[in-house]
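Asks: Heads up: the sequence lines are chains R and S, in that order.
Quick note, the first sequence lines up with residues 1 to 155 if you use my numbering.
Quick note, the second sequence lines up with residues 1 to 155 if you use my numbering.
Hints listed in this document are in silico derivations from the structure and should not be mistaken for laboratory results.
Don't take every hint at face value.
Unchecked claim - For lysine-lysine, the following DSS-like pairs were computed, each having C-alpha atoms within a straight-line distance of at most 30 Å:
#, chain 1, residue 1, chain 2, residue 2
1, S, K28, R, K77
2, S, K77, S, K154
3, S, K48, R, K93
4, R, K77, S, K121
5, S, K154, S, K140
Unchecked claim - In silico contact screen, one side only, chain R against chain S (beta carbon under 7 Å); selected entries:
#, residue
6, Q34
7, Y35
8, T41
We put the CB at the ideal spot given by N, CA and C, even for glycine.
There are 2 protein chains.
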Amino acid sequence: MNKLLEIGLVGAILGLSLLPAAQAADPKPEDVAQYRQSVYTIIGWNFKPIGAMVKGEVPFDAAAVARHAQYVEMMSKAAPEGFAKGSGPDAVKKTEAKPEIWTKASEFDTKMKDFQQEAAKLSEVAKGGDEKAIKAQFGKTAETCKACHKEFRKD
Amino acid sequence: MNKLLEIGLVGAILGLSLLPAAQAADPKPEDVAQYRQSVYTIIGWNFKPIGAMVKGEVPFDAAAVARHAQYVEMMSKAAPEGFAKGSGPDAVKKTEAKPEIWTKASEFDTKMKDFQQEAAKLSEVAKGGDEKAIKAQFGKTAETCKACHKEFRKD
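Kindly generate the complete structure, drawing on both the sequences and the hints.
Replies: What follows is the structure in C-alpha cells.
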C-alpha cells in the first residue's frame with residue numbers, strides 16, 4: 001500500500017475517535033480518572049513547549065510545533081472517554097474534576113468540542129509553519145482550555 | 001488541501017516522533033516520570049480492550065480494535081521522551097523504572113524499538129480487520145511489553 005495513503009487511513013481511523021471505545025468491562029472510576037489525568041498530562045507536555053516557542057522563550061522550531069500540536073489534537077480526541085459517568089469526585093478521591101461536568105453535561109460537551117476544534121486548527125496551522133498564524137491559533141486554543149477549566153476544574 | 005493528503009501529512013509528522021522534542025527548558029525529573037507514566041496508562045487503556053476482544057471476553061469490533069491499536073502505536077512513539085536521563089529512581093520516588101534503563105541504554109533502546117515496531121504492525125493489521133491476524137499480532141506485541149518490563153520495570 002502507498003505509504004501516504006496508508007498513513008492517511010491511520011488518520012481516518014483516528015477521525016472516529018469521538019465514538020466511545022469498546023471496553024472489556026466498565027472500567028473502575030479510579031482507572032477512568034487516571035486515564036483522564038494521563039490524557040491531560042500529555043496535552044500539557046505538548047502544549048507547553050509550543051507556548052514557550054510562541055513566547056520566544058526558546059527558538060521557534062516549526063517541525064517541533066507541528067509534532068506537539070498533533071499530539072494535542074489526538075489527545076483532545078481521546079479526552080471524552082476520560083469523563084465516563086461515575087468517575088467524578090463522588091467516586092474518586094484525587095480528582096480536580098467538578099461535579100458540574102456531569103450535571104451540566106451539555107455545556108461541558110460544548111466546551112470540549114471547542115477545545116477539540118481549536119486544537120485541530122492549531123495542528124492544521126502548525127503544518128503551515130507560519131509563526132504568526134501559529135501564535136494566533138495557540139492563543140485561541142489556550143482560551144478554550146481556560147474556559148473549560150474555569151467552570152469545570154477545581155483550582 | 002485534499003483531506004486524505006492532509007491527514008497523511010499529519011501522519012508523516014508523527015513519523016518524526018522519535019526525534020527529541022523541543023522543550024522550553026529541561027523538564028523536572030518528576031514531570032518526565034509523570035509524562036512517562038501517563039503514556040503507559042494510555043497504552044494500557046487501549047491495549048487491554050484489544051486483549052479482551054482477542055480473548056473473546058467481549059464481541060470483536062474491528063473499528064474499535066483499529067482505533068485502540070492506533071493509539072498504542074502513537075503512544076509507543078511518544079514513549080522515548082519519557083525516559084530522559086535523570087528521571088530514574090535516583091531522582092523520582094514514585095517510579096517503577098529500573099536504573100538499568102539508563103545503564104543498559106542500548107539494550108533498552110532495542111526493546112523500545114521492538115515494541116514500537118510490533119505496535120505499528122498491530123495498527124497496520126488492525127486496519128485489515130482480520131481477527132485471526134490481529135490475534136497473532138496482538139500476541140507478538142504483548143511479548144515485547146513483557147520482554148521490556150521483565151528487565152527494566154520493577155515488579
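Asks: Now, for every hint given, state plainly whether the structure supports it.
Replies: Verification of the hints:
no.	hint	verdict
1	S:K28 x R:K77	holds, 27 Å
2	S:K77 x S:K154	holds, 22 Å
3	S:K48 x R:K93	holds, 24 Å
4	R:K77 x S:K121	holds, 23 Å
5	S:K154 x S:K140	holds, 22 Å
6	Q34	holds, 6 Å
7	Y35	holds, 5 Å
8	T41	holds, 4 Å
Every hint from the earlier list agrees with this structure, and none is contradicted.
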